[in-house]
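As given, the protein sequences belong to chains A and B, one line each in that order.
Read in order, the letters of the first sequence correspond to residues 1093 to 1441 in the working numbering.
Read in order, the letters of the second sequence correspond to residues 41 to 281 in the working numbering.
None of these hints come from the bench; they were simulated from the model.
Heads up, a few of these hints could be off.
A few chain A residues facing chain B, derived, Cβ under 7 Å [what the hints assert, rightly or not]:
hint, residue
1, Asn1144
2, Leu1146
3, Arg1148
4, Thr1150
5, Pro1204
6, Ile1421
For each residue, glycine too, the CB sits at the ideal point set by N, CA and C.
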Amino acid sequence: MITTSGLTKVYRSRGREVTALDGVDLHVREGEVYGVIGQSGAGKSSLIRCVNLLERPTAGTVTVAGQDLTALAGRGPRAGKELRQARSRIGMVFQHFNLLSTRTVQDNVELPLEILGTSGKERSRKALDLLDLVGLADQAGAYPAQLSGGQKQRVGIARALAGDPKVLLSDEATSALDPETTRSILQLLRDLNRQLGLTVLLITHEMDVVKSVCDSAALMERGRIVESGTVGELLATPGSQLASALFPVSGEVSADDRTVVDVTFQGEAATQPVISQLSRTYNIDISILGAAIDTVGGLQVGRMRIELPGRYEDNVVPIGFLREQGLQIDVVGQGHEGQESVLVKEGAK
Amino acid sequence: MTWSEMQPLLEQACWDTLYMVGWSTLIAVVGGLPLGVLLVLTDRGGLLQNVVANKVIGQVVNVARSMPFIILMVALMGFTRSITGTTIGREAAIVPLAVGAIPFFARLVETAVREVDGGLVEAVQSMGGNTWTIVRKVLVPEALPSLIASTTTTIVALIGYSAMAGTVGAGGLGDIAIRYGYQRFETELMWITVAILAVVISLIQFAGDYAARSLHSRGGRSGPAPKLRLLKAATADTKTV
Ligand SMILES: Nc1ncnc2c1ncn2[C@@H]1O[C@H](COP(=O)(O)OP(=O)(O)O)[C@@H](O)[C@H]1O
Ligand SMILES: [Mg+2]
């Protein structure tokens, strides 16, 4: 639904050059919620703003719903008619809501319809429907300043949906909200995604956002996408930073006298017999340091951190055995250490 | 001078001042609003970025704005005659008043429009709105409280200018104060004129403040912002009057 290839953005200001995007290839499938996560300054906003060409890419192409937007953009700095029409079919919500303070809630939602040239009666019918959809039917006549942050974002979402978009872009839509409100807004996005078949590309620096709503995710660092895939794929990728941040297990790391490994399993896979089998077969004592089962992106995932006695080199055979059982094994520490720390810290901010 | 002698003089003078200030304010708003918006749009990073046009407009506005009004009035005499057919009287005074007030108002508009949150512009762009839509639906409505305050400032400045125009036969309250108060020592008449001016200016500022603030409170923000700006602009600009 959204494809970028070789997307590059270089900002030039007063002789200085900042490469915000450095060859980004992104592929968002129709009907999925796709999260891009990264630290601030990683280029996330630049990426999402390039998707509807609010920012002109320096190189590369953007295709949304089969339409090459970069080709529509033309030469000049101003957006031509075709690009503006394409934009009207892409909804966008913002961190700071960006509602017009001089218009009522209903008039804010009607604004995109005014731009599309919808008749007055049709506009107000549609705006009221959308406000109903986001649960704000009773606030149609209020001004944005009279609403809470969560309500403002609901208006922002209703407004973004006014043009019947197939795609919704969200730049840190919940970053200005408290955790409780964040959850309800994410739930709303999830519902809209399901009910309307809306494709959602969302940008965030919070791991919890990815964890609760995304089908797929990408990790961005210094203008590049360093990891991407469906949540299931990521969790099945050994050493994935996103996976360990999405699903952290606590416990000690490996040392000279012990090898600590994380065993990840999805769905119904039973680890318990495997662990006891391992213990019996190789006659070793296994301690379980921690374990958790969670739902990530709608998938049931379990992860267990276990300790084997002795150094890694002494445990190559038992680890091989675990891998043979179809389990995903990550050795924790000694060269693998610190994988999760970056994102966990970032998400905790 | 008795009150019955003064009354018709004052009445006529009030009408003349109102006439001059009213028309020149109208022209200043009609001319200065697009100019001020254009100053923002053509600036670096603006929607109609055009560095050359921006520099030219900016320079013209600056020069015209800092020109002492009395000089502007004299310099524009030929122009005034070509438009109104005369250089004296209240119609003739409107020309230099408007010419002086357009750049004055344009700068105030520029400041007001620059304060509109860029995120709103971006939101409308993302809906597919063009530049004209952004001007009409975002920049002007969102800047409206400030624009009203700017208009008040302009009206008050124009009352000041119009008094000067009065000295070259345009009539109005300034003319009365000078002809009777200064030249004929009719101190009483002069003080009445001063009192009328004080009342009129206060009323205008009060009305402007009230209008700006009621718009603001509809937007839910608290009041003092536009008033502060109004005071600042007014003090900053008194030197050109
Ligand atoms: N308009 C701009 N002009 C110059 N540099 C910019 C501009 N916007 C963003 N940048 C730079 O590009 C980099 C990426 O920024 P951004 O896309 O906002 O990252 P994020 O949203 O991940 O925090 C940063 O180094 C930032 O300073
Ligand atoms: Mg950002």
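Outcome of the hint check:
Taken as an interface hint, Asn1144 (chain A) checks out: its beta carbon lies about 6 Å from the nearest beta carbon of chain B, inside 7 Å. Evaluation of the Leu1146 (chain A) hint against chain B yields a held restraint, the C-beta minimum of about 6 Å falling below 7 Å. Given hint, Arg1148 (chain A) at the interface with chain B, is violated; its Cβ is 12 Å from that chain's nearest Cβ, farther than 7 Å. Hint on Thr1150 (chain A) is violated. Least Cβ distance to chain B is approximately 17 Å, over the 7 Å limit.
For the restraint placing Pro1204 (chain A) at the interface with chain B, the shortest Cβ-Cβ distance is roughly 4 Å, inside the 7 Å limit, so the hint holds. Nearest Cβ of chain B to the Cβ of Ile1421 (chain A): about 45 Å, over the 7 Å cut. The hint is violated.
Hints 3, 4 and 6, counting from the list given before, are not met by this structure.
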